[in-house]
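Residue numbers (UniProt numbering), protein chains in the order written: chain A, 1 to 315; chain B, 1 to 315; chain C, 1 to 315; chain D, 1 to 315.
Do not take every clue at face value.
As the list claims (entries may be wrong) - Derived DEER-like restraints, expressed as beta-carbon distance ranges:
no., chain 1, residue 1, chain 2, residue 2, range
1, C, Asn82, A, Thr31, 47 to 55 Å
2, A, Arg202, D, Gly144, 36 to 44 Å
3, C, Gly287, B, Ala206, 50 to 58 Å
Unchecked claim - Some, not all, of what chain B presents toward chain C, calculated at C-beta under 10 Å:
no., residue
4, Ala37
5, Pro164
6, Asp165
7, Glu193
8, Ala196
9, Gly197
10, Ala198
11, Pro199
12, Arg202
13, Ala208
14, Leu280
15, Arg281
16, Leu283
17, Pro290
18, Glu293
Source of the hints: derived by calculation from the structure; they are not laboratory data. Ideal Cβ positions, reconstructed from N, Cα and C, are used throughout, including at glycine.
Read off the chains here:
Number of protein chains: 4
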Amino acid sequence: MTGLACGIDVGGTKIAGGVVDHEGRVLEKLTVQSPAADVGAIEDAITDVVQRLRASHDIQTVGVGAAGYVDRTRSTVLFAPNLAWRDVDLKAELEPRLDLPVVVENDANAAAWGEFTFGAGAHVDDFLLLTVGTGVGGGLVFDGVLHRGAFGVAAEIGHLRVVPDGQLCGCGAHGCLEQYASGSALVRNARGEAAAGAPPARLLLARAGGEIGKIDGPMVTAAAREGDKFAVDLLAELGRWLGEGIASLAAVLDPAMVAVGGGVSDAGDLLIVPAREAFLRTLPARGNRPELEIARATLGNEAGLIGAADLSRQD
Amino acid sequence: MTGLACGIDVGGTKIAGGVVDHEGRVLEKLTVQSPAADVGAIEDAITDVVQRLRASHDIQTVGVGAAGYVDRTRSTVLFAPNLAWRDVDLKAELEPRLDLPVVVENDANAAAWGEFTFGAGAHVDDFLLLTVGTGVGGGLVFDGVLHRGAFGVAAEIGHLRVVPDGQLCGCGAHGCLEQYASGSALVRNARGEAAAGAPPARLLLARAGGEIGKIDGPMVTAAAREGDKFAVDLLAELGRWLGEGIASLAAVLDPAMVAVGGGVSDAGDLLIVPAREAFLRTLPARGNRPELEIARATLGNEAGLIGAADLSRQD
Amino acid sequence: MTGLACGIDVGGTKIAGGVVDHEGRVLEKLTVQSPAADVGAIEDAITDVVQRLRASHDIQTVGVGAAGYVDRTRSTVLFAPNLAWRDVDLKAELEPRLDLPVVVENDANAAAWGEFTFGAGAHVDDFLLLTVGTGVGGGLVFDGVLHRGAFGVAAEIGHLRVVPDGQLCGCGAHGCLEQYASGSALVRNARGEAAAGAPPARLLLARAGGEIGKIDGPMVTAAAREGDKFAVDLLAELGRWLGEGIASLAAVLDPAMVAVGGGVSDAGDLLIVPAREAFLRTLPARGNRPELEIARATLGNEAGLIGAADLSRQD
Amino acid sequence: MTGLACGIDVGGTKIAGGVVDHEGRVLEKLTVQSPAADVGAIEDAITDVVQRLRASHDIQTVGVGAAGYVDRTRSTVLFAPNLAWRDVDLKAELEPRLDLPVVVENDANAAAWGEFTFGAGAHVDDFLLLTVGTGVGGGLVFDGVLHRGAFGVAAEIGHLRVVPDGQLCGCGAHGCLEQYASGSALVRNARGEAAAGAPPARLLLARAGGEIGKIDGPMVTAAAREGDKFAVDLLAELGRWLGEGIASLAAVLDPAMVAVGGGVSDAGDLLIVPAREAFLRTLPARGNRPELEIARATLGNEAGLIGAADLSRQD
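Only chain A is shown next, with the shape it has when bound in the complex (with noise of 0.2 Å):
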């Protein structure tokens, strides 16, 4: 079908949704408020967005990416960490408000379809999305079918274990990949060199007016590209466990590409350069076997929202 379809992406504060067409286009794109905490709300903000885009556009299916889990029939919300839905069937909510086709997605899963389809992996056929922001998520294609897991919760990539006894993590285990990998782990270890009075943190510490706690991610992208050594050792260093932890995923995995995306891919080279070192250093058999291609995801936090889009348009 080469209809339009509308992509909503459902975060903990905002609502986007987009007309989306056959190739991926964003036609049209309008943001609301997410009324987080309030189950009928949130419907009614999906349903609000939606009617006014279809104002303009003839929409023919719906993809809702939701941050939780979600079940297999791709039509409940099991979980959401940040949102008040438990066990919401909300294709069922939302298809006679709409009277269209709703496929509810989680949204790493929709984004790494997005970026599959139309962005960094659109030229192979087994691709793996890294989205590193505030955590370590990602997305699983193989052989052009999106991976969902036998209980729909696959791709929780940044709890694969990097370190036996590790940091404690937010999910109970220990020495997960995100605690050392994500956006959370490079702010973490800024503060905490500058804290301890680490001189080569003094330019960073600086930039945040001297007060600690107002250091963050993007202050350090921002340094390190000014030439700031102390934050491009930072971001080399999550590059370095990102490269790490690619080189265990390709040899279970074996995918042609792994994109990076999220918040902290916005530091580009400086990331991703370590990255592909990491990954080269650490690859098992490497020189007998063919080497994955490593590059930074291309559409930027819209790949959710086409993702879901396209993958309505799918069913």
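With the hints as your guide, set chains B, C and D onto chain A.
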């Protein structure tokens, strides 16, 4: 197609062939020595095995499982560490000789398919086989499809990195799961303790006639079955690493079941129970997600042959 | 000098004073509340305790053990995390009031000296005390001399790094022994398992009346003594980390004996036996070097008081 | 005593003797081949070297530094990995032949004493020498006294465990510092990268005439000095491990200074600067405690000879 298929398992020392029916039963089996160093001789031996089995059964397809990298078209063996094959188009060589359709598959993938179709994983759609022998290998089935990877080299599960800066692996990387959870690791640990004169190792050493070099895996398993605490602990340590590795794989892949096969799995619950405990202890987000099943594989060393036969029938 | 000495142990909640003879016997003991937040009041309380003990005993010297960094001249407390002292010259304050010679010492050092002189280490010259309580601390005696370090801050044994990129420690570093082998680690592990609903933790949780937050160290020890496998395993895990740490310390320091004290050592062999096993399993050059002795400390919580008293007598 | 002393350094390939005055100056030096496999011949060679040096200098004592375990009485070599000595009472053998007082000492201890007395550590009381050559060794001086340990085998600093379940070490344990921070580790890493065809290793490989097996430590240092980024990174990696190890040692031992000697220390700041950075980054309680000094050792390969001579004078 429900006709009979011939499965061939080509190892470094033996070639086993079996006539397999559509329910995975091995009607007849023939095992010959493997002329591993001579490409032509291996092909002759395979041909001979098929022809002899064919004399009494109506074989319609042939599946060959080989320990090596197989290309995505399932015809060419790219590289086989223990055999003379380097870029050998086995399908093209065998089909004219046999006048039968031939499919070539990596042996661990074939075994995974066998267990998935007729063995431990017959009741699930998303399945992971872990084979614990000299090394650690495995195969992946996602939504009923064997996962081969972009370059045909997926499922090298033994090369998931579990210890940063860990034990050097034969693959050139450090800290691979195989270095901690394989039969080789089991024997290395047992001999190491015996060599250091550790009192708990005394019973095992006596069992080996006092010769450290004679301690092997089956001996450890036998001792553990008879209650030797040292042997029990050695197997539990292996199980622990397996379980921790499975927890990481569950986060990324979300299979419904993991079956443990290979020679070391003869230890049964002495290996599986500690694996399950470690899996539960280290599973990310435990309590907020369904928990997969861990069980012993059921087809023993015929899994590869049965799987290869069935894959030839699918084509 | 074989006269009587007064030992004072200043903690965050209590001040204990004891009259100690030249054979390390505590002839009389007095314990009062510690006014931890008020420097002058602590000094008043110490003075009062000494004067009251002096009424009935001929005290000739006073040794004060304090939980904090003490300078090399053994008079000034540089920093005490749980007390108001910051650069307080305690010797100068107390001597005029008491008209007695005063020596100030770090409390863990004092305890090590006590155990070395009258307790578990009385038969050796090179001794290491490991105290396993809320944290992990200790003291070192080399060739009969208490080792205080260049800056007076030696023997922070709990901050030996045992896991690179490991658990974040209160000291700001990652992977410190204390994060794996202390009573706090024991309780964290116990509660974590209980919170995750782990079946083996059920008995322990029942013991805590179903309230996870009520699980504490003595409860784990009590459960282990009664055979609760889960509690036994928790203590064994702590013991394993201790033993592995001791193996590293043996390589560097080569003591004749390591005694394990502190509250968690009440678990006795449930802690010591696994520590010994792990020590032997991980000792470098095992078999080519003598093996030190690992035993439980014998003076209990009076070790610090006895040691401080004796140190004042040495001066 | 301020007379002249003779220092002897007995290695696996050479025996070096020197006449050393009371200010640590080497007045004359003689080096001969070491007949390592023949106990009697080594003793003959030592005797010969002393007698020849004595011809022109008034030698009053002899100190022998030997690569092996030496008993606490400083007379008997218990075990020497590269020499024929097994329980040889060297003092008893040499004194009658030379008619001079002889002291025997472990060579790394002797070097530590040399650096402490006349070299990098001459201004401090608490000193640690780290020697980074084929392996990692060292010596400890606490409050001006050489620390030999209860069994004479202290200061095996290379066998501090830095990675649990890490690289197997020649000592039988896993994860020893020596496996990450020695010249052998440097060469292994360099060759490993070259063997894997890593592009950054190309310049170094060219320097070795394309033969991977010819890459050695001095070559890496030379390349790094000329700015080869790959070689610089290899040395920095070694320095990082050293610095992290020093942070652990600082927590336990609190020395005022750590000097880095041994062949790899020829790399100077290329090794020392990264070590210092890693030390500061991982020091426990950083900011709340004084920070030790890390510098390069100053006596080069004469440290052992000078230290042995001086120790003989002390006796």
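These are the hints, each one checked on the structure:
1. Checked against the hint of 47 to 55 Å, the C-beta distance between Asn82 (chain C) and Thr31 (chain A) comes to roughly 51 Å, which is consistent with it.
2. Between Arg202 (chain A) and Gly144 (chain D) the CB atoms are about 38 Å apart, so this pair conforms to the stated range of 36 to 44 Å.
3. For Gly287 (chain C) and Ala206 (chain B), the Cβ-Cβ distance of about 19 Å falls outside the hinted range of 50 to 58 Å, so the restraint is violated.
4. Taken as an interface hint, Ala37 (chain B) does not check out: its beta carbon lies about 41 Å from the nearest beta carbon of chain C, beyond 10 Å.
5. Annotation: Pro164 (chain B) was flagged as interfacial toward chain C, and the flag holds, the nearest CB pair being 7 Å apart, inside 10 Å.
6. Interface restraint check: Asp165 (chain B) against chain C, minimum CB-CB distance 7 Å, threshold 10 Å, status holds.
7. Among the interface hints, the one on Glu193 (chain B) holds; its C-beta lies about 7 Å from the nearest C-beta in chain C, closer than the 10 Å criterion.
8. Interface hint at Ala196 (chain B): satisfied, since its Cβ lies 5 Å from the closest Cβ of chain C, which is below the 10 Å cut-off.
9. Because the beta carbon of Gly197 (chain B) sits about 6 Å from the nearest beta carbon in chain C, less than 10 Å, this interface hint is met.
10. Of the supplied interface hints, the one on Ala198 (chain B) holds, with its beta-carbon coming within about 6 Å of a beta-carbon of chain C, less than 10 Å.
11. Nearest Cβ of chain C to the Cβ of Pro199 (chain B): about 9 Å, under the 10 Å cut. The hint holds.
12. Annotation: Arg202 (chain B) was flagged as interfacial toward chain C, and the flag is violated, the nearest CB pair being 13 Å apart, outside 10 Å.
13. Because the beta carbon of Ala208 (chain B) sits about 18 Å from the nearest beta carbon in chain C, more than 10 Å, this interface hint is broken.
14. Because the beta carbon of Leu280 (chain B) sits about 7 Å from the nearest beta carbon in chain C, less than 10 Å, this interface hint is met.
15. For Arg281 (chain B), the shortest C-beta to C-beta distance to chain C is roughly 7 Å, which falls under 10 Å, so the interface hint holds.
16. Among the interface hints, the one on Leu283 (chain B) holds; its C-beta lies about 9 Å from the nearest C-beta in chain C, closer than the 10 Å criterion.
17. The restraint placing Pro290 (chain B) at the interface with chain C is violated, with a minimum CB-CB distance near 14 Å, outside the 10 Å limit.
18. Proximity of Glu293 (chain B) to chain C is violated relative to the hint, the smallest CB-CB distance being about 16 Å (cut-off 10 Å).
Taken one by one, the earlier hints fail for this structure at numbers 3, 4, 12, 13, 17, 18, listed in ascending order.
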